[in-house]
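The working numbering puts the first residue of the sequence shown at 1, with every later residue one more than the last.
Hints in this document: simulated from the structure, not taken from any laboratory.
Certain hints may be false.
[As the list claims (entries may be wrong)] Pairs of lysine-lysine residues, derived as DSS-like cross-links and limited to a Cα-Cα distance of at most 30 Å, are as follows:
(1) K55 with K203
(2) K215 with K138
(3) K36 with K76
(4) K137 with K76
(5) K137 with K215
(6) K185 with K64
(7) K185 with K215
(8) K185 with K72
(9) K70 with K138
(10) K215 with K76
(11) K76 with K64
(12) K64 with K137
(13) K64 with K164
(14) K203 with K138
(15) K203 with K64
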Amino acid sequence: MIKNNSKINPPGFYVNLEWYETIQDLTDAEAGILLKNMFNYSLELPLLETNAVVKAICNMSIFKTIDINKEKYFEKCERNRINGEKGGRPAGSKNKNPEKPNGLIKNPDKPKSSINSNNNDKVKIELNTSARIEQMKKLVEININTITGEDQIDFCMMVKELVKYIGWTRFEYLVFHILEENIEKQLNEYGFPDLSIGILAIKENYEHFLDSIIK
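Starting from the given sequences, assemble the full structure and let the hints guide the process.
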(Lines of atoms letter the chains of each structure in order from A and count residues from 1; the text may use other names and numbers.)
(Lines give C-alpha, C1' and ligand atoms only; values in the text may rest on other atoms or scores of the structure.)
Protein backbone atom coordinates (compact mmCIF):
# COMPACT_ATOMS: atom_id res chain seq x y z
CA MET A 1 0.00 0.00 0.00
CA ILE A 2 1.43 3.41 -1.02
CA LYS A 3 2.07 6.05 1.63
CA ASN A 4 1.69 9.79 1.02
CA ASN A 5 2.17 12.61 3.53
CA SER A 6 2.76 10.09 6.34
CA LYS A 7 -0.68 8.58 5.73
CA ILE A 8 -1.61 5.19 4.36
CA ASN A 9 -3.87 5.58 1.36
CA PRO A 10 -7.10 3.60 1.12
CA PRO A 11 -6.74 0.35 -0.83
CA GLY A 12 -8.89 1.74 -3.65
CA PHE A 13 -11.33 4.45 -4.70
CA TYR A 14 -15.10 4.43 -5.06
CA VAL A 15 -16.70 4.36 -8.50
CA ASN A 16 -20.37 5.35 -8.64
CA LEU A 17 -22.42 3.51 -11.27
CA GLU A 18 -24.46 6.70 -11.71
CA TRP A 19 -21.42 8.09 -13.57
CA TYR A 20 -21.93 5.50 -16.32
CA GLU A 21 -23.86 7.62 -18.84
CA THR A 22 -21.63 10.65 -18.36
CA ILE A 23 -18.45 8.63 -18.90
CA GLN A 24 -19.96 6.84 -21.90
CA ASP A 25 -20.29 10.24 -23.58
CA LEU A 26 -16.49 10.65 -23.43
CA THR A 27 -14.12 9.47 -26.12
CA ASP A 28 -11.87 6.51 -25.28
CA ALA A 29 -8.93 8.90 -24.94
CA GLU A 30 -10.86 11.17 -22.55
CA ALA A 31 -12.05 8.20 -20.49
CA GLY A 32 -8.48 6.91 -20.29
CA ILE A 33 -7.15 10.21 -18.97
CA LEU A 34 -10.06 10.42 -16.52
CA LEU A 35 -9.20 6.97 -15.12
CA LYS A 36 -5.49 7.79 -14.86
CA ASN A 37 -6.31 11.02 -13.06
CA MET A 38 -8.50 9.13 -10.61
CA PHE A 39 -5.40 7.11 -9.64
CA ASN A 40 -3.15 10.18 -9.64
CA TYR A 41 -5.56 12.20 -7.50
CA SER A 42 -6.01 9.32 -5.05
CA LEU A 43 -2.23 8.94 -4.71
CA GLU A 44 -1.65 12.72 -4.62
CA LEU A 45 0.39 12.63 -7.84
CA PRO A 46 0.39 15.29 -10.62
CA LEU A 47 -2.70 15.22 -12.82
CA LEU A 48 -2.53 14.74 -16.58
CA GLU A 49 -3.58 17.66 -18.75
CA THR A 50 -7.01 17.24 -20.32
CA ASN A 51 -9.93 19.19 -21.76
CA ALA A 52 -12.62 21.22 -20.00
CA VAL A 53 -15.21 18.42 -20.09
CA VAL A 54 -13.03 15.88 -18.29
CA LYS A 55 -11.88 18.53 -15.80
CA ALA A 56 -15.50 19.44 -15.02
CA ILE A 57 -16.50 15.81 -14.45
CA CYS A 58 -13.54 15.27 -12.14
CA ASN A 59 -13.91 18.49 -10.16
CA MET A 60 -17.70 18.42 -9.85
CA SER A 61 -18.08 14.79 -8.82
CA ILE A 62 -15.25 12.28 -8.98
CA PHE A 63 -12.55 14.05 -6.96
CA LYS A 64 -15.06 15.10 -4.29
CA THR A 65 -16.22 11.49 -3.96
CA ILE A 66 -12.60 10.31 -3.63
CA ASP A 67 -11.97 12.95 -0.92
CA ILE A 68 -15.09 11.99 1.04
CA ASN A 69 -14.33 8.27 0.99
CA LYS A 70 -10.64 8.81 1.76
CA GLU A 71 -11.60 10.86 4.83
CA LYS A 72 -14.04 8.16 5.92
CA TYR A 73 -11.27 5.59 5.56
CA PHE A 74 -8.90 7.65 7.73
CA GLU A 75 -11.63 8.12 10.34
CA LYS A 76 -12.32 4.39 10.37
CA CYS A 77 -8.61 3.63 10.81
CA GLU A 78 -8.43 6.07 13.70
CA ARG A 79 -11.54 4.56 15.36
CA ASN A 80 -10.07 1.09 14.98
CA ARG A 81 -6.79 2.28 16.49
CA ILE A 82 -8.55 3.84 19.48
CA ASN A 83 -10.80 0.82 19.97
CA GLY A 84 -7.77 -1.45 19.74
CA GLU A 85 -6.07 0.47 22.53
CA LYS A 86 -9.25 0.07 24.59
CA GLY A 87 -9.42 -3.65 23.95
CA GLY A 88 -11.85 -3.65 21.02
CA ARG A 89 -15.11 -2.07 19.95
CA PRO A 90 -17.62 -1.59 22.78
CA ALA A 91 -20.39 -4.18 22.81
CA GLY A 92 -23.59 -3.03 21.16
CA SER A 93 -22.05 0.04 19.49
CA LYS A 94 -23.43 0.87 16.08
CA ASN A 95 -22.91 3.47 13.41
CA LYS A 96 -25.77 5.87 14.04
CA ASN A 97 -25.54 7.37 10.57
CA PRO A 98 -24.63 4.54 8.16
CA GLU A 99 -23.64 5.57 4.66
CA LYS A 100 -26.19 4.83 1.95
CA PRO A 101 -24.12 2.71 -0.46
CA ASN A 102 -25.79 4.04 -3.59
CA GLY A 103 -26.79 7.49 -2.35
CA LEU A 104 -30.41 6.93 -3.34
CA ILE A 105 -33.27 8.26 -1.26
CA LYS A 106 -37.00 8.28 -1.69
CA ASN A 107 -38.44 11.45 -3.13
CA PRO A 108 -41.05 13.28 -1.05
CA ASP A 109 -44.45 14.29 -2.33
CA LYS A 110 -44.21 17.31 -4.63
CA PRO A 111 -44.43 20.38 -2.39
CA LYS A 112 -46.75 23.29 -2.94
CA SER A 113 -45.34 26.52 -4.28
CA SER A 114 -44.53 29.11 -1.61
CA ILE A 115 -45.00 32.06 -4.00
CA ASN A 116 -47.59 34.54 -2.74
CA SER A 117 -48.90 37.45 -4.82
CA ASN A 118 -52.09 38.61 -6.50
CA ASN A 119 -53.68 36.23 -9.00
CA ASN A 120 -52.41 37.88 -12.20
CA ASP A 121 -48.81 38.13 -11.01
CA LYS A 122 -48.99 34.61 -9.64
CA VAL A 123 -50.08 33.21 -13.01
CA LYS A 124 -47.24 35.03 -14.80
CA ILE A 125 -44.66 33.80 -12.28
CA GLU A 126 -45.91 30.23 -12.45
CA LEU A 127 -45.85 30.24 -16.27
CA ASN A 128 -42.28 31.50 -16.27
CA THR A 129 -41.30 28.99 -13.59
CA SER A 130 -42.92 26.16 -15.55
CA ALA A 131 -40.92 27.09 -18.67
CA ARG A 132 -37.67 27.18 -16.68
CA ILE A 133 -38.44 23.83 -15.10
CA GLU A 134 -38.92 22.28 -18.55
CA GLN A 135 -35.58 23.73 -19.66
CA MET A 136 -33.88 22.36 -16.55
CA LYS A 137 -35.29 18.90 -17.22
CA LYS A 138 -33.74 19.00 -20.69
CA LEU A 139 -30.48 20.16 -19.15
CA VAL A 140 -30.34 17.11 -16.87
CA GLU A 141 -30.42 14.82 -19.94
CA ILE A 142 -28.14 16.87 -22.21
CA ASN A 143 -24.88 15.45 -23.57
CA ILE A 144 -22.19 17.72 -22.12
CA ASN A 145 -20.01 17.18 -25.19
CA THR A 146 -22.48 19.39 -27.09
CA ILE A 147 -21.60 22.34 -24.83
CA THR A 148 -18.67 24.58 -25.75
CA GLY A 149 -18.43 27.12 -22.92
CA GLU A 150 -16.40 25.99 -19.89
CA ASP A 151 -18.65 27.89 -17.47
CA GLN A 152 -21.69 26.29 -19.12
CA ILE A 153 -20.13 22.84 -18.71
CA ASP A 154 -19.53 23.54 -15.02
CA PHE A 155 -23.13 24.68 -14.56
CA CYS A 156 -24.50 21.64 -16.41
CA MET A 157 -22.38 19.20 -14.41
CA MET A 158 -23.45 20.83 -11.15
CA VAL A 159 -27.12 20.43 -12.08
CA LYS A 160 -26.65 16.79 -13.11
CA GLU A 161 -24.82 15.90 -9.89
CA LEU A 162 -27.29 17.64 -7.58
CA VAL A 163 -30.23 15.91 -9.26
CA LYS A 164 -28.45 12.56 -8.85
CA TYR A 165 -27.95 13.18 -5.14
CA ILE A 166 -31.35 14.55 -4.11
CA GLY A 167 -33.71 13.55 -6.94
CA TRP A 168 -35.60 15.79 -9.35
CA THR A 169 -38.57 16.58 -7.07
CA ARG A 170 -36.38 17.91 -4.25
CA PHE A 171 -34.12 19.72 -6.68
CA GLU A 172 -37.11 21.46 -8.31
CA TYR A 173 -38.51 22.46 -4.92
CA LEU A 174 -35.23 23.90 -3.68
CA VAL A 175 -34.38 25.80 -6.86
CA PHE A 176 -37.80 27.07 -7.92
CA HIS A 177 -40.16 27.04 -4.93
CA ILE A 178 -38.30 27.96 -1.76
CA LEU A 179 -36.66 31.10 -0.41
CA GLU A 180 -32.86 31.18 -0.22
CA GLU A 181 -32.84 31.59 3.56
CA ASN A 182 -34.75 28.32 3.97
CA ILE A 183 -32.56 26.16 1.73
CA GLU A 184 -29.99 25.14 4.35
CA LYS A 185 -32.70 24.12 6.82
CA GLN A 186 -34.53 22.10 4.15
CA LEU A 187 -31.34 20.31 3.08
CA ASN A 188 -30.65 19.44 6.71
CA GLU A 189 -34.06 17.78 6.86
CA TYR A 190 -33.27 15.85 3.67
CA GLY A 191 -29.92 14.74 5.15
CA PHE A 192 -27.75 16.65 2.64
CA PRO A 193 -26.45 19.71 4.55
CA ASP A 194 -23.31 20.00 2.40
CA LEU A 195 -25.22 20.71 -0.82
CA SER A 196 -26.48 24.20 0.06
CA ILE A 197 -23.68 26.02 -1.80
CA GLY A 198 -24.45 24.11 -5.00
CA ILE A 199 -28.20 24.67 -4.77
CA LEU A 200 -27.72 28.40 -4.13
CA ALA A 201 -25.34 28.65 -7.10
CA ILE A 202 -27.92 27.01 -9.38
CA LYS A 203 -30.73 29.16 -7.98
CA GLU A 204 -28.77 32.37 -8.54
CA ASN A 205 -27.46 31.56 -12.03
CA TYR A 206 -30.04 29.51 -13.93
CA GLU A 207 -31.55 32.58 -15.60
CA HIS A 208 -28.11 33.37 -17.01
CA PHE A 209 -27.34 29.88 -18.30
CA LEU A 210 -30.53 28.11 -19.38
CA ASP A 211 -31.29 30.08 -22.54
CA SER A 212 -27.68 29.85 -23.73
CA ILE A 213 -27.49 26.06 -23.24
CA ILE A 214 -31.03 25.01 -24.23
CA LYS A 215 -31.87 26.65 -27.55
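Quick rundown of the hints versus the structure:
no. : hint           : result
1   : K55 with K203  : holds, 23 Å
2   : K215 with K138 : holds, 10 Å
3   : K36 with K76   : holds, 26 Å
4   : K137 with K76  : violated, 39 Å
5   : K137 with K215 : holds, 13 Å
6   : K185 with K64  : holds, 23 Å
7   : K185 with K215 : violated, 34 Å
8   : K185 with K72  : holds, 25 Å
9   : K70 with K138  : violated, 34 Å
10  : K215 with K76  : violated, 48 Å
11  : K76 with K64   : holds, 18 Å
12  : K64 with K137  : holds, 24 Å
13  : K64 with K164  : holds, 14 Å
14  : K203 with K138 : holds, 17 Å
15  : K203 with K64  : holds, 21 Å
Consistency with the previously given hints fails for numbers 4, 7, 9, 10, ordered from lowest to highest.
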